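K.L.:
Make the full structure from the sequences, and use the hints.
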Amino acid sequence: MPLQKDKQVSPMRMKITLLIAGFGPLIAVGLFLQSKGFFG
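Residue numbers (this note's numbering): 3 to 42.
Simulated from the structure, these hints should not be mistaken for laboratory data.
Misleading hints may appear alongside valid ones.
For each label pair, taking beta carbons as the anchor points, the in silico distance ranges come out as [what the hints assert, rightly or not]:
(1) Ser-12 <-> Gly-39: 40 to 48 Å
(2) Arg-15 <-> Ser-37: 27 to 35 Å
(3) Gln-10 <-> Phe-40: 38 to 46 Å
(4) Gln-10 <-> Leu-35: 33 to 41 Å
(5) Leu-33 <-> Ser-12: 28 to 36 Å
(6) Gly-39 <-> Gln-10: 39 to 47 Å
(7) Phe-40 <-> Lys-17: 25 to 33 Å
What you are looking at is a predicted structure, and each value in this text was computed from that prediction instead of being measured.
The beta-carbon is built from N, C-alpha and C at its ideal position, and this holds for glycine as well.
P.N.:
As structure tokens, this is what we get:
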């Protein structure tokens, strides 16, 4: 099972990966709107 290999990944790294996956699109949209002058 692939789950056996996942034990090598630390919980901290998993949290960071989830944060990047969660905030990545938000940051991308924010930069896109800023480049359009949406925030003045």
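K.L.:
Give a verdict on every hint.
P.N.:
Hints and how they fare:
The given range of 40 to 48 Å is respected by Ser-12 and Gly-39, whose C-beta atoms sit roughly 41 Å from each other. Against the hinted window of 27 to 35 Å, the Cβ-Cβ separation of Arg-15 and Ser-37 comes to about 31 Å, which satisfies the hint. Evaluation of the 38 to 46 Å hint for Gln-10 and Phe-40 yields a pass: the beta carbon distance comes to about 42 Å. Look at Gln-10 against Leu-35: about 39 Å separates their beta carbons, and that is inside 33 to 41 Å.
As the Cβ distance of Leu-33 to Ser-12 is approximately 30 Å, the hint placing it in 28 to 36 Å holds. About 46 Å separates the C-beta atoms of Gly-39 and Gln-10, a value consistent with the hinted range of 39 to 47 Å. The hinted range of 25 to 33 Å is satisfied by Phe-40 and Lys-17, whose Cβ atoms lie roughly 30 Å apart.
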